[in-house]
Amino acid sequence: MAQEGFDGIELVVRTMAQTAVDNETYFSELDAVVGDGDFGYSLARGFEIVLATWDDLDRSDAATFLRKVAVIITSRVGGTSGPLWGTAFMRAAAAAGSDRIGAAEALAMLRAAITGIKERGQSDVGDKTLLDALVPAVDALEGYLAAGQGAASAVTAAAKVARASAEGTSSMLAKRGRAAYTGERSIGSPDAGAIGVAVMFEQLAGAWPG
Amino acid sequence: MAQEGFDGIELVVRTMAQTAVDNETYFSELDAVVGDGDFGYSLARGFEIVLATWDDLDRSDAATFLRKVAVIITSRVGGTSGPLWGTAFMRAAAAAGSDRIGAAEALAMLRAAITGIKERGQSDVGDKTLLDALVPAVDALEGYLAAGQGAASAVTAAAKVARASAEGTSSMLAKRGRAAYTGERSIGSPDAGAIGVAVMFEQLAGAWPG
Amino acid sequence: MKKFVNDPKDFVPEMLRGIALANPATLRYVPEYNLIMRADAPSENKVSIVQGSGSGHEPAHVMIVGKGMLDAACPGDVFSAPPMDYVLETTKLLNSPKGVLHIINNYTGDRMAFDMGREMAEAEGIRIGTVIVDDDVAVKDSTWTVGRRGVAGNFFVIKAIGAAAEKGAELDDLVALGNRVNAVSRTMGMALTSCTPPAKGSPLFDLGDDEMEMGVGIHGEPGRRREKLASANEIVDELLEAVASDLPFKKGDDVALMVNGLGGTPISELYLVYGRAHAQLTARGINVRRNYVGEYCTSLDMAGCSLTLVRLDEELSSLLEAPAEIPNRIF
Amino acid sequence: MKKFVNDPKDFVPEMLRGIALANPATLRYVPEYNLIMRADAPSENKVSIVQGSGSGHEPAHVMIVGKGMLDAACPGDVFSAPPMDYVLETTKLLNSPKGVLHIINNYTGDRMAFDMGREMAEAEGIRIGTVIVDDDVAVKDSTWTVGRRGVAGNFFVIKAIGAAAEKGAELDDLVALGNRVNAVSRTMGMALTSCTPPAKGSPLFDLGDDEMEMGVGIHGEPGRRREKLASANEIVDELLEAVASDLPFKKGDDVALMVNGLGGTPISELYLVYGRAHAQLTARGINVRRNYVGEYCTSLDMAGCSLTLVRLDEELSSLLEAPAEIPNRIF
Ligand SMILES: Nc1ncnc2c1ncn2[C@@H]1O[C@H](COP(=O)(O)OP(=O)(O)O)[C@@H](O)[C@H]1O
Ligand SMILES: Nc1ncnc2c1ncn2[C@@H]1O[C@H](COP(=O)(O)OP(=O)(O)O)[C@@H](O)[C@H]1O
Ligand SMILES: [Mg+2]
Ligand SMILES: [Mg+2]
Ligand SMILES: [Mg+2]
Ligand SMILES: [Mg+2]
Chain A
1 MAQEGFDGIE LVVRTMAQTA VDNETYFSEL DAVVGDGDFG YSLARGFEIV
51 LATWDDLDRS DAATFLRKVA VIITSRVGGT SGPLWGTAFM RAAAAAGSDR
101 IGAAEALAML RAAITGIKER GQSDVGDKTL LDALVPAVDA LEGYLAAGQG
151 AASAVTAAAK VARASAEGTS SMLAKRGRAA YTGERSIGSP DAGAIGVAVM
201 FEQLAGAWPG
Chain B
211 MAQEGFDGIE LVVRTMAQTA VDNETYFSEL DAVVGDGDFG YSLARGFEIV
261 LATWDDLDRS DAATFLRKVA VIITSRVGGT SGPLWGTAFM RAAAAAGSDR
311 IGAAEALAML RAAITGIKER GQSDVGDKTL LDALVPAVDA LEGYLAAGQG
361 AASAVTAAAK VARASAEGTS SMLAKRGRAA YTGERSIGSP DAGAIGVAVM
411 FEQLAGAWPG
Chain C
421 MKKFVNDPKD FVPEMLRGIA LANPATLRYV PEYNLIMRAD APSENKVSIV
471 QGSGSGHEPA HVMIVGKGML DAACPGDVFS APPMDYVLET TKLLNSPKGV
521 LHIINNYTGD RMAFDMGREM AEAEGIRIGT VIVDDDVAVK DSTWTVGRRG
571 VAGNFFVIKA IGAAAEKGAE LDDLVALGNR VNAVSRTMGM ALTSCTPPAK
621 GSPLFDLGDD EMEMGVGIHG EPGRRREKLA SANEIVDELL EAVASDLPFK
671 KGDDVALMVN GLGGTPISEL YLVYGRAHAQ LTARGINVRR NYVGEYCTSL
721 DMAGCSLTLV RLDEELSSLL EAPAEIPNRI F
Chain D
752 MKKFVNDPKD FVPEMLRGIA LANPATLRYV PEYNLIMRAD APSENKVSIV
802 QGSGSGHEPA HVMIVGKGML DAACPGDVFS APPMDYVLET TKLLNSPKGV
852 LHIINNYTGD RMAFDMGREM AEAEGIRIGT VIVDDDVAVK DSTWTVGRRG
902 VAGNFFVIKA IGAAAEKGAE LDDLVALGNR VNAVSRTMGM ALTSCTPPAK
952 GSPLFDLGDD EMEMGVGIHG EPGRRREKLA SANEIVDELL EAVASDLPFK
1002 KGDDVALMVN GLGGTPISEL YLVYGRAHAQ LTARGINVRR NYVGEYCTSL
1052 DMAGCSLTLV RLDEELSSLL EAPAEIPNRI F
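Residue numbers (our numbering), protein chains in the order written: chain A, 1 to 210; chain B, 211 to 420; chain C, 421 to 751; chain D, 752 to 1082.
Honestly, I wouldn't trust all of these hints.
[Stated by the list, open to error] Each pair of labels, with its calculated beta carbon distance range:
{"#": "1", "chain 1": "B", "residue 1": "Leu267", "chain 2": "D", "residue 2": "Glu870", "range": "20 to 28 Å"}
{"#": "2", "chain 1": "A", "residue 1": "Glu10", "chain 2": "C", "residue 2": "Asp430", "range": "27 to 35 Å"}
{"#": "3", "chain 1": "C", "residue 1": "Asp430", "chain 2": "D", "residue 2": "Glu1076", "range": "37 to 45 Å"}
{"#": "4", "chain 1": "C", "residue 1": "Asp430", "chain 2": "A", "residue 2": "Leu107", "range": "35 to 43 Å"}
{"#": "5", "chain 1": "D", "residue 1": "Ser953", "chain 2": "C", "residue 2": "Asp430", "range": "29 to 37 Å"}
{"#": "6", "chain 1": "C", "residue 1": "Asp430", "chain 2": "A", "residue 2": "Leu51", "range": "17 to 25 Å"}
{"#": "7", "chain 1": "C", "residue 1": "Gly621", "chain 2": "A", "residue 2": "Ala152", "range": "37 to 45 Å"}
{"#": "8", "chain 1": "C", "residue 1": "Ser665", "chain 2": "D", "residue 2": "Arg878", "range": "54 to 62 Å"}
{"#": "9", "chain 1": "A", "residue 1": "Gln122", "chain 2": "C", "residue 2": "Asp593", "range": "23 to 31 Å"}
{"#": "10", "chain 1": "B", "residue 1": "Val335", "chain 2": "D", "residue 2": "Ser953", "range": "30 to 38 Å"}
[What the hints assert, rightly or not] Calculated lysine-lysine pairs in the DSSO-like style (CA-CA distance at most 27 Å, straight line):
{"#": "11", "chain 1": "A", "residue 1": "Lys118", "chain 2": "A", "residue 2": "Lys175"}
{"#": "12", "chain 1": "B", "residue 1": "Lys385", "chain 2": "D", "residue 2": "Lys891"}
{"#": "13", "chain 1": "B", "residue 1": "Lys278", "chain 2": "D", "residue 2": "Lys760"}
{"#": "14", "chain 1": "D", "residue 1": "Lys818", "chain 2": "C", "residue 2": "Lys487"}
Don't read these hints as lab results, they were simulated from the structure. C-beta: ideal position from N, C-alpha, C; glycine also.
Please model the entire structure based on the sequences and the hints provided.
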């Protein structure tokens, strides 16, 4: 029997996947500025398989479901994104447990994903990576939920933070990833991964049952 | 002692050389349309040496002088133009004889050059080559001189014929040279060599002591 | 996009299929993992040498699989490190009692994929050694970057390791050899034009008609700086100064000099560049003992080149001279 | 102009100097006649094999001088046949009691230069044989043209003759062999982009973003027709049909298949093209016994390719397989 609270996770994954596929060209263009222009292509190749196999993904519980997604991402996505996003899904799966997934559990999973990305990427907030959108957005989400906001409005507010933070990476100097090779020249354009995260949050805000 | 009538030959050669050097880019552009774009470059590489060594060229007699020019052209000009123009100068030298050079002698030299080009190129009038400017121009020159015109006005009139004939090659189908490979596609643009000959005639008309 | 391409998503597999068809007796293509391997690998008596990296750098690395060089290459898509899965499965297929050696260009994605793949392969009991190539002097090392990039110098690391492995060297010795070759190899590249990834369909970056990018990466990453287009001699002198002063290479050193085309530059120009570089090194008292002029590690159709210097000793020279049998051949 | 060039007039000599510096032990460069020759040529016991043609087609022919291939190449400037003088002086320098063989691509300028050079050399008592290469099926032969052009097929003529000459074959036999190889070789090329001669500084012709030129010449001469840009598979199929139906190549034939890059196309794309061509030939029942993928006869920096088919027999196969030692090498 499907686990309670599972719908939310399905919605998040499906929105991420659809956003990645819909924005393939845009995300690649962003990565072309100081990177190598494959971010959107790489993500789309993995997430399009998530969508294509959507109905057949094992839904025994949230952890299993997320592990299946993680396997698709790690086996089909190359570049830096494959290991990073794959690790994120794998860690989220591990944190999912088998109980009911409420706000606290969801936040724990997001935190686990962030920790996984940091470890895998040997990176942190301030390095001009997707973490610079993801971490502030999750912080905000946590704050809004703690303040008693409903999920829908908390996600919407978090999406605004993600967007602002992602745009804010423009003024940062890249310290991780391919953009870091360019030193000073990385300043002046936003990080592709951070914008990617912001767009996913925005799409999620739009899709969340209000 | 320098041969009588030699000045005219020097003027012709010098004008040809200067014209080739001045029109390097233009002549190459013409050759680029259905050829390989090196006609101007090739001619200029030979004739610039003619100019650079001008004062030192052996002037014992017209034949020797022209033979020296022929050697420079054959040893420094590649492509089809080297053998063709080298042969032309060589045959003109052979026809120069050692007597005074008047109109008849000059015409004989031009005819010898034409025959040399035809033999070397296995080509004739109508093949869309420089012959299609050179032959009508020399025919005209002969006609005007026979009709009693002075050299200056005969050259000017011949230059007009050269120009009209060269432009007229536009409607012709190339049967010799690199342009011939393009078949029907050679129609619509003039032959580079023919235009080259016309420009040389025009420059000569301008330079001829009136 | 002026390319020979069908569906851009099939670009890499269709290229690999071409390589396989051209070398039916010696190579095996495993489509599931984008893998090109020696048909006779793995061998019980030989460490298996594996290199993965993004595609778009051909002949590196899929066209240098063969006796005396790589046992397998598992490329990712154009400019993307292979997914971890490919690394793992390739490692399993190439498993030898003498071990498997991973040669990795120093990029975040490549290192992550190989780290994860190694972890999982070791969990299955496979012995793995790792050599990281980071020869690009364009990128100034600093505490906060991931270090220098791996570029055309990987040819020398692979060639030396490949030759030594063929002679039966042990895994640890090969790792030491690879590190030693990498430590004496320095490269810098520059772009005259951008390159066009098939999936993008347009140039990766814009470079003005009168501009060039000094220190460009082989994935089109921006370099040290953009400059006004200069003459061949000026370009060579600048690259050479950056490369030679880095190790530094000194008067009396014996070196291998590689002029590597980035994909869109004709070999005529590469020899012109070689002539200048050789003459300038000679003037510095550096002896060019071996040379390489052609394409070794490209960036799709980018016009440009890189210069690599490798300091030679007897052992390295003889490993570089050893024969090899790879798809990338003249006859 | 995005090129490695100093003064365009020095382009060819500077390239030749680079080749000479890269091969000091085996080659000699004679600047007066733009000549690259084997350092150990001429030999009393071997016919000297000479090829001249315009430059801009590298590695043809200056980078394939060496044991087993050419004894000398005397190129003209970019896309210009060598002046007659170079032909004559090269022939004199390479004079051997067994004779000198001229291999000539069928262009007016080249034939004239070699005709004149031959005449003058014979007057000096040198024995000369001539082989004309005209493998390009793009140009329809007719009574009034100079016949087909010589393009990438010249590699096979040179390779076979070079190998046979090394074994001591006589001049007349080499001429017969060259004609025989030429008679079973067919090529057609196509351009995705134009090329830029250094002295011109701009593209030789204009090709729209959505256009390609089928049957282009290696000097940028227009081809059969300009078409809308097509997929790799469609292009290969069209070239193959033109080439295969010309000899014609028949079911059961053993062939060598060459995919030749024109200078600006990366080898990744050439292998993609190869894969399609090989598969299509197999489908026709034509057996690809040998293959060549890379750059053999280019057109400066032109993006594009040509396909060559050569019908093989035992003798030709073994001549093609024979070793050779030329500047154009991988290691
Ligand atoms: N070490 C890292 N830690 C976290 N995120 C990273 C790291 N390196 C890169 N990224 C993120 O990944 C994005 C690039 O992904 P991708 O294009 O797949 O990588 P690449 O092509 O450089 O291998 C960057 O925009 C950045 O947000
Ligand atoms: N067989 C020929 N006979 C006479 N003139 C010729 C012949 N072939 C070419 N030409 C002339 O030479 C010109 C081209 O010269 P050039 O560019 O040096 O030759 P290519 O580059 O084709 O070897 C043509 O425009 C034409 O006028
Ligand atoms: Mg990227
Ligand atoms: Mg021409
Ligand atoms: Mg990448
Ligand atoms: Mg020419």
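How the hints compare with the structure:
1. B/Leu267 x D/Glu870: 20 to 28 Å: The hinted range 20 to 28 Å holds for B/Leu267 and D/Glu870, with Cβ atoms some 25 Å apart.
2. A/Glu10 x C/Asp430: 27 to 35 Å: Holds, at about 31 Å.
3. C/Asp430 x D/Glu1076: 37 to 45 Å: 38 Å, holds
4. C/Asp430 x A/Leu107: 35 to 43 Å: Once the Cβ atoms are compared, 42 Å apart, the range 35 to 43 Å for A/Leu107 and C/Asp430 holds.
5. D/Ser953 x C/Asp430: 29 to 37 Å: 35 Å Cβ-Cβ, so the 29 to 37 Å window holds.
6. C/Asp430 x A/Leu51: 17 to 25 Å: Since C/Asp430 and A/Leu51 have Cβ atoms about 20 Å apart, the given range 17 to 25 Å holds.
7. C/Gly621 x A/Ala152: 37 to 45 Å: 39 Å, holds
8. C/Ser665 x D/Arg878: 54 to 62 Å: Taking Cβ atoms as reference, C/Ser665 and D/Arg878 lie about 55 Å apart, which means the hint holds.
9. A/Gln122 x C/Asp593: 23 to 31 Å: Check passed, 29 Å falls within 23 to 31 Å.
10. B/Val335 x D/Ser953: 30 to 38 Å: With a Cβ separation near 33 Å, B/Val335 and D/Ser953 satisfy 30 to 38 Å, so the hint holds.
11. A/Lys118 x A/Lys175: 13 Å, holds
12. B/Lys385 x D/Lys891: Since the Cα atoms of B/Lys385 and D/Lys891 sit roughly 13 Å apart, the hinted pair holds (cutoff 27 Å).
13. B/Lys278 x D/Lys760: At roughly 23 Å apart (the allowed maximum being 27 Å), D/Lys760 and B/Lys278 satisfy the hint.
14. D/Lys818 x C/Lys487: 24 Å, holds
The structure shown violates none of the earlier numbered hints.
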